[in-house]
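Chain order of the listed sequences is A and B. Quick note on the working numbering: the first sequence kicks off at 1 and runs consecutively. Quick note on the working numbering: the second sequence kicks off at 1 and runs consecutively.
What the hints contain is simulated information worked out from the structure, not anything from laboratory work. Since no wrong hints were added, every one of them can be taken at face value.
For lysine-lysine, the following PhoX-like pairs were computed, each having C-alpha atoms within a straight-line distance of at most 25 Å:
{"no.": "1", "chain 1": "B", "residue 1": "Lys204", "chain 2": "A", "residue 2": "Lys98"}
{"no.": "2", "chain 1": "A", "residue 1": "Lys202", "chain 2": "A", "residue 2": "Lys9"}
{"no.": "3", "chain 1": "B", "residue 1": "Lys140", "chain 2": "A", "residue 2": "Lys75"}
Letter by letter, the chains look like this.
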Amino acid sequence: MTTPLLSVKNLGVILEGRTIIRDLSFEVHEADCVAIIGPNGAGKTVLLKALLGIVPHQGEIRWSHGAQLGYVPQKIAADRHLPLSARDLLAAKAGFLKLPSAEIEQVSTELGLTNELLSTSIGTLSGGQFQKVLIAFALMGRPNVLLFDEPTASLDELTEEGIYELLQSLQKERGLTVLLVSHDLSVVYRNANMVLCLSKGKPCMGPPKEILTPALLQELYAGPSQFYQHIHKHEQLSHDSQERD
Amino acid sequence: MPGEQVPLLVLAMFFALAAGLVGAIALMKRMLLAGDVISHLALPGLGLAFLLKVNPLMGGAATLFLGSFLIWQLQKKTGLAIEAAIGVIFAAALAIGAAVIPNEDLAESLFGELPKISAVGFFLGMAAVLFVIFSVFLLKDQLSLSIFSPDLAAATSVNVSRLDFYFLLLFSLTVLVGLRFMGALLASALIIVPAATSRQLTTKLSHFFVLAAGASLISVTTGFLLNVYLFKFSTAGPTIAILSALLFCLSLIVKPR
Chain A
1 MTTPLLSVKN LGVILEGRTI IRDLSFEVHE ADCVAIIGPN GAGKTVLLKA LLGIVPHQGE
61 IRWSHGAQLG YVPQKIAADR HLPLSARDLL AAKAGFLKLP SAEIEQVSTE LGLTNELLST
121 SIGTLSGGQF QKVLIAFALM GRPNVLLFDE PTASLDELTE EGIYELLQSL QKERGLTVLL
181 VSHDLSVVYR NANMVLCLSK GKPCMGPPKE ILTPALLQEL YAGPSQFYQH IHKHEQLSHD
241 SQERD
Chain B
1 MPGEQVPLLV LAMFFALAAG LVGAIALMKR MLLAGDVISH LALPGLGLAF LLKVNPLMGG
61 AATLFLGSFL IWQLQKKTGL AIEAAIGVIF AAALAIGAAV IPNEDLAESL FGELPKISAV
121 GFFLGMAAVL FVIFSVFLLK DQLSLSIFSP DLAAATSVNV SRLDFYFLLL FSLTVLVGLR
181 FMGALLASAL IIVPAATSRQ LTTKLSHFFV LAAGASLISV TTGFLLNVYL FKFSTAGPTI
241 AILSALLFCL SLIVKPR
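Using the sequences and the hints given, assemble the complete structure.
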């Protein structure tokens, strides 16, 4: 049995007197892609923040030595009036962490961010471009773990596809471990080898096929209909991609 | 120019650079008007200093820094938005200031005076503004990250709460030096207006900082010299503030489409 990359034991998070996460334990191994699912308010975003160490928590969160984290937050409402270009944002991270400035060019090339896009004010980027900039930001400093919080919420399906293709290729090329919060079960099926389900009952973790039972989905999403919709969407997408191939 | 005015002009020019830079960050943090309010935190201290016959700037500094600390604590402990925390402390400071400042010293407190500067005053002032300029230069990356997204900054190991406090202190320090020749009412003019001018002209971060500092420097130097040679008011503050407002009007005309 290999040492886990992340070991969480009896994690509890209480914010403003409200218990958000209670007694959660799980492990993540290297190169896993763990999807974190659960209904609204189950504490998915808070869990990522606890793992990043930016919200107070009880219990134990232990990252293995050498784990470098990159974080792509849920959509940020960027102030359109900020005099900040995409390049300024990447340069600020490089400056703060004392990374070589060549890394900005490197991740930009990898993600297909053109010079024109890098010079664009952050508030005027499209949803997809903005998300790519956030991914580039997360990849600077060569992390080996990526924490993605609903990376494609509010994006159209085509852009969403592009972001997940990018995620898959990054995972393959860089051997990244990914923790992914998503509401979209088709995304979970296609990308994750493990699912962590945060529900009001007992949290559970395992491979998607074992975990995502109709009974559990009914409990999570208050009815099986959405499950079948998601499966249908998943099948439709697989069909479309086969046709494209 | 009278010889004793030279150190004051030099100090004013460095103050201008500090005010431009601090204002640029305050604009990005959407707390420019808060700056106007922060300068009034000095009023109770000025009043008490007049009453106790000690150096007014020392009194002003004491309440300015105490007020900044209270704002930071209030925001941290209650989760209030920064402008709400500043508003609460401001209301109290203004009321105490109005109650304790003797009437005959009110104008000086609000609009400043053009004092002769002692060698110690000059070096302390220079040390303060150089500290502000140097700190902004050192912290600009962290500040940019935390302004863009506090969560993302925290995930990048920036201590956002401590950074907020540092910035309030830098802001207060800048206002404090400005009080010397601008007064509480106008000290913040040089923090607000050049940053707003610069924002009209660029969307690039480095240009934004340079233009804000530049607009502030032009306003102070020109305003100071105009006052010495032409207007001869007891303080250069109003001339400087009017000039910086004129530069803002100019920026509206030449603003790139």
